[in-house]
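**Student:** Chain residues, written in single-letter form:
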Amino acid sequence: MTPAKQRKGKVKNVRELDPVTFEVLRNSFSNAVELMAQQFRLTCHSFVIYAQDFSCALADANGDTVSQGEQDIAVQVGTQHLVCKNIIEQFKDDIHPGDVFVSNDPYAGGSHFNDVRVLRPIFVDQELIAWAMANGHWSDVGGSVPGSFDVKAREHFGEGLRISPVRIWSRGEFRSDVAKLIVGNTRAPEDNMSDLNAQSEATRVCEREILRLVGRYGKDVVTLAFAEVICHVANLFRARISELDDGTWTTSDYLDSDPAHGEGMIPITVSLTIKGDQLSYDLSKSSPAVSSFMNSAAGATLSGIIAGTKRFFPDIPINAGLINSIEVELGPTGSVINAAWPTAVSGFVSGSFEKVINAIFELWSEIMPERAIACSFNLEYLLIGGRDVRFDHRPIFMWYDWMVGGWGARNGYDGASAASPLFGAGFASQPIEGQERLNPVVTTHCRIVVDSGGPGEFRGGCGVEKGGQLTDAELPVMSYCCDRSRSIPWGTKGGLPSTPQGLWLNPESSRSEYRGAVFSNVELVSGDAFSRPSAGGGGFGDPLDRNLGAVLDDVIDGYVTPERAAIDYGVVIDSSDPLIHNWTLDQEATSHQREYIRTNRESWLDADAEVIARRYRAGELAQFDLIRQYGVIVEWGTGDLLPETTRQHRELIKKRSVSGWRL
Amino acid sequence: MAKNEKVLRFRLSIDVGGTFTDVCAIDEVTSQLRTAKVPSSPTDPLTSVLNAISALEIDLAEVRLVTHSTTITTNALVTRDFPPAAMITTSGFRDVIEMRDGTQEDVWDSFREVGKPYIPRRDRYEISERIDYSGRVLTPINMDQAHDLAQLFTKRGIKTVAICFLNSYANASHERAMRESLLAVAPEMEISISSEILPGINEYERFSTTVANALLAALVSSYIGRLDEALRNQGYCGDLLMMHSGGGSMTAALAQRLPLRLAASSIAGGAMAAKYIAKQCGFQDAIAIDMGGTSTDITLIMNGEVRVVQQWCVEYGHPISFPSVELATIGSGGGTIAWVDKADALRSGPHSAGADPGPAAYGRGGRNATNTDANFYLGRLGNVLAGGAITLNAKDAERAITDNVADALELSVLDAALAIVQVADASTASAVRLLREARRSLSASAPLIVFGGAGPLHAVAVAKELNAPLVIVPPHPGNTSALGCLLVNIRHDFTAMFQSLVSGIDPGALEDQFASLEREARERLAFEGIPDQQILLERAVNMRYAGQWRSLTIAIGKGQDSIPDAVKRFQSDYQSQYAYLNPTAPIEVYQLALTATGQLPEVQFRKHEVIGGAPVRQSQRPVAFDEAGDFIATDIYSRSSLSAGMIVTGPAVIEQLDTTVLIPPGFKAQVDEWLNLRVSEVP
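First to last, the sequence lines map onto chains Z and V. Following this note's numbering, the numbering of the first sequence begins with 1 at its first residue and continues without gaps. Following this note's numbering, the numbering of the second sequence begins with 664 at its first residue and continues without gaps.
Isolated chain Z (complex conformation):
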């Protein structure tokens, strides 16, 4: 026996194709998808698509994904086949060469209305053999709020246009009446019409490639290769799962609140079971749907499950082999992760989606400690719309902005600072100079937030803060969505939480006002300023075990203040001349400080929360102290205690942080 055959978890494959034909076709399928993605990227109009919010896939005749773009946005992966199967089911035999379908229905496998999916069936001599799909986030699909995110929506009717599957090309004829109906219900009809076109043409590139392969290898070999490529991924994945110990792990991550039910965080509960080579998830214990647009429907939740799992198996391609190897139980519809029509779901990314991913991270961190990672910041997005009076024709402007933030610390490494969200690690933020030309908003600052990384032996990545001021705008209104103003990104294995998100109007002025994590259509005037932080990532490991040199470096670089170095890490650093980086570490004081924290820190978490809130209001304690040392969550603007949220937060700190502390 060679060593190769003794590998644990080896699954013997029965494959008809010879190794070369198989590997060449496997590569060719992914190449066909990359070619399609490349054309889409080069011809798109939506700036959200340009920022990489799109995905492309090739499916077989049944709609099972054969190959998916390697750079695809996380939020759309693992859902293409649902839309494809939905179309197959609806149109059955009424699918013809030259047809192209479009759908954005989140209740039928889609993610949210902005993600418009274009699907082209591929035929060989009247026989349907495959589907090419190009999906992209249109910057607007109608609804009551520009950008199609109405944070107050309870039902989808105000959110945007729901496109249940329709045929946009019929046997090679463009159905411009249907297309016009669709784009005519949006705020960007020209751009959307162009993107509809660009998407449809991109799928044609994939079709051309598949037909080239059929010409070279024959239809039967190509369709056999579809099946074997799917099987290959299933075997790869099952082999890896079978190497792991059996067991069941459960955790919850939380939404800030349900607006209809006062304060108190809303759990999304994920159970993971490994048995033999079978991986299963159970999310059926999650809360009922919340009365905002933060819910996710089944397809979007599945995408979170696939994307979260993939991060622990980054080398395994996504196709039906992976998707079908994972059993998922979402429980009955009507929950926050299995929302039913017509529950609002447009805010699912900031809502349920990234919570599902972080919960999955926590579970896999137990199973694969070498890849363990704490909680990361949450996607946040801001929109200011109005008229730009810098120009005589006073054009409408839409300042649509999203930020980078901190990722969770990892076992052995600090977290990534100022990175794109879990929603899509390839999703690019926008240049400030470009924004200033296009909008009457001056960015006052955009910088890494000191002390924002969750303390730990390995520090969470830092969040950023971006501030702006309206200059020459008429009737400007602002909408915002971020979550995680109360459900703070958590640390693990002794690591501490990071920082909350939420927007301040006119900060550092007499008119200062905390507007929180979710609001819409707030009226502003020129001259108004605003600022908002993105959260850092949670810490990993006991911060009192952090290497002293690493803390010193963080202080010199301005990632951590000397004050928080003492409070969070117990490291005492003095400076004679900070300008020339002349810092010194006080070893003795550090030993004392660490001992003091070690002895007392558990008791701080039992301090009277009302007293702590009062001291916050009096300016004696900082937000950091409340979150990290006392485990107290308040309404950050007023300082009013949130008792239930605090109880939950303390429970979570005990579970994730205290349990990892050495006495």
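Read the hints as simulated data drawn from the structure, not as lab findings. Errors might be hidden in some of the hints.
Stretch by stretch, here's where chain V covers chain Z in the computed footprint (C-beta under 8 Å, at least three residues) [claimed, not checked]: (1) 20-26; (2) 29-41; (3) 235-244; (4) 404-410; (5) 446-454; (6) 575-588.
Sample of chain Z residues with no beta-carbon within 12 Å of chain V, all distances over it, derived [unchecked claim]: (7) Lys275; (8) Glu329; (9) Pro342; (10) Glu513; (11) Asp528; (12) Ile567; (13) Arg615; (14) Arg617; (15) Gly637; (16) Lys654; (17) Lys655.
From a predicted model like this one, the values you see are computed outputs, not experimental measurements. Even for Gly, the Cβ is constructed at its ideal location relative to N, Cα and C.
Since the structure of chain Z is provided, determine the placement of chain V on it from the hints.
**Tutor:** Okay, now just chain V, sitting in the frame of chain Z:
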């Protein structure tokens, strides 16, 4: 005329790479090309240059022009061998180069992240100043702070500074004032200011480019100073030209201001050589493939030109917004490792055995099966490479293939070796396809021009996969960067912002903008000593459908019809590129581009008389080909024995010092008048 005055008869080019230094000289009297290759000095590139020149046995006093490409800047960026440096930026924005656009290169692996900024946060300083989008001053620059910074840098021993202010592309006065303030205190400081280095919108790319430029300034200045002196000491009296990433050269004086432009100059040299060979063989379009030990570079030549992109990087997250030849690099080379995954699929790469331990057959302890091992097992490679520098061991190669591939897939060693090479060839073809798709108007009959130690072994199979009718193997496939360097003109690319719907363009404003770009171009070429009659200026506009984010570069003339003509060209290019049109959508211009060339006299190579005759084989050995499936007795030829007009019919192997050419059954190689091998299917 003094008796001892020498005739300036040579043009010389030197490429210093990581492993070897190549040198080419053309004798302008006889049109004879001389080449040499010496190992690069691990410590000092100047030593490599001088060694290479002496290997060529040329008197520098007889050299009219020296052009040089080097990897020193790329290496400094890769190893981050930088001097102490600081960045000064607008208050509130010191993290622009750390935040970037937030994206990760690996979008799925949480344990692979983008490298830290070139200048750490502690050395990035803020100053109170602000300019708005239109160039209006919102906050005047605080000159007291500026002065304090100058003092502080002196105290800290910082002599390298990048000045990067927000919106400085619209108003450079604050950046200039900052620079003056520093120079007043420390005149020797090396300072790059973003409004001069890259006067365009978007802070991340501009700052990143400026920072990298500043960090290389001291290195390049000192290197060029030493090189210049060493050449002059040996009697050279001409200009020193430096190859840049955009596929042209620039004078040493300008290179000291824009040192970052030297990064990737070797690669650009290779691309320019490919362009030249395509033209020499009569092709407007070609695909150039350079396959070495660990990677393959692919470049397209279209309409006789190598495409230039406006942005590239040495390391993801650190964009360099200078023109650079368009190139795709994949991790596929001689040392690429073949392996069988846990679900029994045969994979090629991306890991490579590198130079150490190298392929198993090198006998240096490598256990993995590489392309080289497979090629050697198949008899395609002989057991002696590089003129005896490397000998290959058959047992080690066979064992690696058996252990890693054949046993796992239950194949014979022969079938496993064939499979390894076929999978590698298919992945190279896929990479070409991706690049060709982005430039879909490339002619379907474009030939493959192949370089590198491993390229000519794989070329015919890749060409078959791509339906390319012809493979061209130049006489010195291992010497292309130096060759390209010898051939280029002085070239600069300029761009200016100009955003307008085509329907609303004011022709006067357009002309003014181009005229101003042309002034800048002439000034730069005058600074380099190029006389007016040698200056060629070519205008282009970047056009797109209004609302799109990517554009096509369209040549534009002068005068009344220039805009409608450009629109016609845009429509036709768009159609051939993307296979569709938006006939009713408005079109916009969003950028003006100007290419300025300082034309140098064209290099003339010697044309060989085509005599023909029967080639004489050197030896015979069994070689396995894809087509035959088993070993067959195959003639082995020495490249140096082949003269113009000879035809080698496959199956055959042609060996030379720097590569091995495989001619499968059914193919033939014809030696042309430039001594290129032209390999094509026997009709």
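**Student:** A separate judgement is required for each hint: does it hold in the structure or not?
**Tutor:** Status of each hint after checking the structure:
Restraint check on the region 20-26 of chain Z versus chain V: 5 residues with Cβ-Cβ distances below 8 Å, three needed, restraint holds. Given as covered by chain V, the region 29-41 of chain Z passes the check, having 6 residues with a CB less than 8 Å from a CB of that chain where 3 are the minimum. Remark: the region 235-244 of chain Z is confirmed as covered by chain V, as 4 of its residues place a Cβ nearer than 8 Å to a Cβ of that chain, reaching the required three. For the region 404-410 of chain Z, the stated coverage by chain V is satisfied: 3 residues place a CB nearer than 8 Å to a CB of that chain, which reaches the threshold of 3.
As drawn, the region 446-454 of chain Z meets chain V at 3 residues by the rule of a beta-carbon pair under 8 Å; at three or more, the given contact holds. Remark: the region 575-588 of chain Z is confirmed as covered by chain V, as 3 of its residues place a Cβ nearer than 8 Å to a Cβ of that chain, reaching the required three. Annotated as non-interface, Z:Lys275 keeps its C-beta farther than 12 Å from every C-beta of chain V; the closest such distance is 19 Å. At roughly 25 Å from the closest C-beta of chain V, the C-beta of Z:Glu329 stays outside 12 Å, upholding its exclusion from the interface.
No Cβ of chain V comes within 12 Å of the Cβ of Z:Pro342; the nearest lies about 32 Å off, and the non-interface call holds. Once the 12 Å rule is applied to beta carbons, Z:Glu513 is consistent with being away from chain V; the minimum gap is 21 Å. Every CB of chain V is more than 12 Å from the CB of Z:Asp528 (nearest about 17 Å), matching its label as outside the interface. Annotated as non-interface, Z:Ile567 keeps its C-beta farther than 12 Å from every C-beta of chain V; the closest such distance is 21 Å.
Every Cβ of chain V is farther than 12 Å from the Cβ of Z:Arg615; the closest lies at roughly 31 Å, confirming the non-interface assignment. Every CB of chain V lies more than 12 Å from the CB of Z:Arg617, the least distance being 29 Å, so the non-interface label holds. Listed as outside the interface, Z:Gly637 is consistent with that label: its C-beta sits roughly 24 Å from the nearest C-beta of chain V, beyond the 12 Å cut-off. Non-interface status of Z:Lys654 relative to chain V is upheld: no Cβ of that chain comes within 12 Å, the nearest being about 26 Å off.
Against the 12 Å criterion, Z:Lys655 stays outside the reach of chain V, whose nearest CB is about 22 Å from its own CB.
When each numbered hint is compared with the structure, no violation occurs for any of them.
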